[in-house]
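Asks: Take a look at the letters that make up each chain.
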Amino acid sequence: MGVIASRLLQSLAVLLTMSFIVYGLMGLMPGDPIDLMIAADPNLSSADAARLKALYGLDKPWTERWGRWLARLLQGELGYSRLYARPVAEAMAPALLNTAILMATSLGLALAVALPLGILAAGRPGSMLDRTVNLLAFASVSVPVFWLGLMLIVVFAVTLGWLPAGGMAAVTGDQGGRLAHMVLPVSALALAGIGQYARHMRAAMLAEAGHDYIRTARAKGCSPSRVLVRHQLRNALLPIVTIVALEVGGLFSGALITETVFAWPGMGRLIYEAVMGNDFNLALSGLLLATAMTLAGSALADLAYWRLDPRIRRQ
Amino acid sequence: MRAGVLILLLLALAALLGPLLLPEPDAMDLAARFAPPSPDHPLGTDELGRDLAARLLQGGRISLAVALATALLATIIGTAIGLVAGYHGGLADAALMRLTDGVMALPLLPLLIVLAAADPAKLGVPADIQGSESFAVARLAAIIACVGWTTVARLVRAATLSVRGRDFVRAAVAMGASPSRIMLRHILPNVASPIVVAATLSVGHIILIESALSFLGLGIRPPLASWGNMLTGAMDAVWSAPQLAVWPGAAIFLTVLGFNLLGDGLQRSLNPRSAST
Amino acid sequence: MRRLLAATMLTTLLGFPAMAKDELVIGITQFPATFHPSIESMLAKTYVLAFAQRPITAYDSSWQLVCMLCETLPTIENGLAKVETRPDGGTGIAVTYTLKADARWGDGKPVTSDDVVFSWEVGRHPQSGVASAELFRRITAIDVRDERSFTLHIDRVTFNYNAINDLRLLPAHIERPRFQPAPAEYRNRNAFDQDTTNPGLYNGPYRIAQVVQGSHVALEPNVHWAGPKPAFRRIVVRTVENTAALEANLLSGGIDMIAGELGLPLDQAMAFEKRNGARYAVVTKPSLTYEHLDLNMDSPVLADVRLRRALLLALDRVSLTRQLFGGRQPVADSMVPPADWVHATDTYRYSFDPARAAALLEEAGWKPGPGGIRVNIKGERLSLELVTTAGNRTRELVAQVLQSQWRKAGIELRIRTEPPRVLFGETVTRRKFPHMAMFAWYSAPESVPRSTLHSDSVPNAANNWSGQNYTGYSDPRMDKLLGAIEVELDRNRRKALWRELQDHYAADLPALPLYFRADAFVMPKALKGLEPTGHQDPSPYWVERWRWE
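Protein chains in written order, with our numbering: chain A, 98 to 412; chain B, -5 to 271; chain C, 199 to 747.
Read the hints as simulated data drawn from the structure, not as lab findings.
You may find that some hints are simply not true.
[Claimed, not checked] Reference listing, derived: stretches of chain A covered by chain B, where coverage requires no fewer than 3 residues with Cβ under 8 Å from a Cβ of chain B:
#1 118 to 125
#2 356 to 366
[Said to hold, decoys possible] One-sided excerpt, in silico: chain A residues whose CB lies under 10 Å from chain B:
#3 Met115
#4 Val238
#5 Leu276
#6 Val280
#7 Ser284
#8 Ala352
#9 Tyr369
#10 Val372
#11 Gly383
#12 Ser395
#13 Ala398
The structure displayed is predicted, hence computed values, not measured ones.
Note that CB positions come from ideal geometry on N, CA and C, so glycine has one too.
Using the sequences provided together with the hints, build the complete structure.
Replies: Given below as structure tokens:
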């Protein structure tokens, strides 16, 4: 119980500090959307600017605004998004859903390909397949995802014309169109993940293979496939679960680049726009959510470890 | 590792020979925009009729400068924090490690966006320096290093903990050496190899981050070329000149791959036991 | 999966939007964040609302002021506008409008004078959050004559007294109950944002029928619209945030056309035309968006008019617009675009003349120096800094072309880019740019550049950084001209004054004119009737003329 409490407390401290720093950095940035409106449109007078700034509280020091924001947050209010003129939660929901769809699909796809690859590679260390997996792993951590996305666009959208180059589903609402729009961004994200996961899986399988209990199981006459599935695989999945859980938060914010390339209206874009547009409420909520996801991911990883590994549970 | 060294050597060779063989990277020819490869322009020209290969090398110089400066800065910060935490232990250790955990929990890219959008004029940097190439590099290096030191800090702390109890450290303590002297003279040399590995591996990672930031328009900004911002331009022209998108990305990919292979190789040879499988 | 791929390929191969002719899908690059007509100022919103909301007056595609919801444009000649003495003794004007009898909100309620009064109340309320309140402040009182007629009392007499394009109508029967109890909360509680699909909010040929955030807005005909019936059963405005993807969607049939107001950059549209000119028409129209370099007059170097002239003479703007924009963005001589009726054709023009530029530079004391950069007698190098917006690809390219052209004249240009919010929030607005700032102004046709050229409009700490005369240009003759134009009601005399202003601008060069931007509309050849306007009133104000052929 004590561990959980201290962990929660620690997470809260991180979130609080984070909000303070972000607020400060955004507050220190010169200019706000009202300055921008003025600059582009000579019809707006400086009197308009002063009035609008006072209205949105932009004329107050940022520490004061942060204090107010925090006080409101403690009452459970995320506030209004200034850019979207609606409650923050309402503005965030569709973007959150879009990102979740993208992330879940690509993660699922990456794992579906990577895990069997890793297992096969571990089965024959040093083989052609093994070396390919290794190379793939290096390639996938070295490739800039946005470039991968651009290349997919060049090949499949520009040259071959098979798939749409970006944007969300066609408006007419047919499911085929929706899926077609997902193929390229999901592939880009999945491709970048496959190599890594395969490599981790291979390493975990090899590590397990060296353990005594595997040898014991074999000696007892268990069939090789039974040994593989019941013993080796089950234990090897443990580190994979941990890695995936740790990555969830990162995936979330890492989607920004992919969303930009494919014009996917997701969370990353929303946070980006909010920061650039000085929409404090929206930017903070988005960033804090992303941070909370990372924190939750690492907590989840620990929990998974504890649940899946009987040795730890017993302690 | 050999492959990694080979890739990096080839890149270095290209960077050295390129200026001798290729046209000026800034020489523009508006009549020859988006030209296909030719003997004069081995990779063709960009949207202002400049030699793409020359631009690529110039951009690479900046991307690499950012990456190396950041890696250096992040390694120094991380090493200092790791040494202090590992050597002193107790409250200092707890506080520094909580800080490290906290920074690691932050969503990297969105945070970097906030940092990169901040205005250098607010920090009192004179305007004429702001426009210079070295300032652009330093600014980006400082920003990325702010959040990039955590891996090194953890590694160094762990290594310091294991070294702290050894005889030669105890002997130095008994002889009355000051803590900073012990850390720098006795512990640091013994934890150097994991630092070198971590720094090498981080270079690749930083190149990726830099290119992503520049791609979003927040890192290196035109007219300075970097691989990331060359891709931004290429994205708009992807229909009329798809070849523009190929090369900068391929350059990033190869360089990062080179550093990763090198780092992995170093890890294996310096510390065979902990080599990743 | 295979079936899906095949289906996508098929539509691509057929190459033509595979949809009924009564639906039109338009692509734009920005999603309208809000829908209230006068809160916030955002191009995407203006564009979408233009299908569903009609202003009382607007400028048409030939840049003439026309009535949209009113019956007759009031003028002094037809007696509907009368110069009057204000209660405080000054001179003002009373302008009378009559709304069209068949103007209806989408719920069948007529558009009335009460809506006008309510919109004005919202507009002038300090806490309502309305963006541009200038017009609302100028209107000191409104007399309601009857259901459809009303008289505005305006506190000054200017030649454009009858242009009330900024007075955007709000349906009082829906919005008043939301506004009156808590005006400060109105910007978050208004029906446009909370109940966007309420038909009663719209008085145009279409109403907003569906909003999918980040994706699209669907419009359907307003059954109570009494004007000519629009041709489309449904119009969808779809947002695709990057232009490469926008183009891809057009080719794959996901969208039918790309709006010029918020679409492809000109060079991209031209490249598109080269490849797909057979199927799509790319229509460009030079707009009044004025791309220029503001020069900081406080800089001792730029204070010398000979240098300013030399800078412009050393630029080959004709080949710049020809090579980067296919010549479709006309070279500017001043802030007055060629399509404006007050544009003077016989003012002094700067053409590319390196010899004269060199002579002027010599005269100003800048001699060739080491490295090809000129130096003055004190040994200072002729090195100037240009700041512009980061992320605007076209400007970044143009800046680099300027750099290379000036280098040939021995002038070094250092380019610095800043995010728009920094540039317009501080650097330019507080006049912190050392030499030059490149950006654009957009305005209405025949708009008097008082805020950018009058000496009263120079921002400084004392006036709380108000005004947009960022160059710090202060010239009594210019001040006099600006004042004279504003109050000159006679068109001929006004045109003569405008000519004088353009001449004076060209002689003094407080800013270096570059070119006027052109919007590129990419449309299937079968779509007819769409006329780009080239100014801030977008083309959908005339959507009922659009049709397939």
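Asks: Against each hint, give a clear statement of whether it holds in the structure.
Replies: Tested hints:
no.	hint	result
1	118 to 125	holds (count 4)
2	356 to 366	holds (count 3)
3	Met115	6 Å, holds
4	Val238	6 Å, holds
5	Leu276	23 Å, violated
6	Val280	17 Å, violated
7	Ser284	16 Å, violated
8	Ala352	9 Å, holds
9	Tyr369	6 Å, holds
10	Val372	5 Å, holds
11	Gly383	7 Å, holds
12	Ser395	7 Å, holds
13	Ala398	12 Å, violated
Checked against the numbered hints given earlier, the structure breaks hints 5, 6, 7 and 13 and satisfies all the rest.
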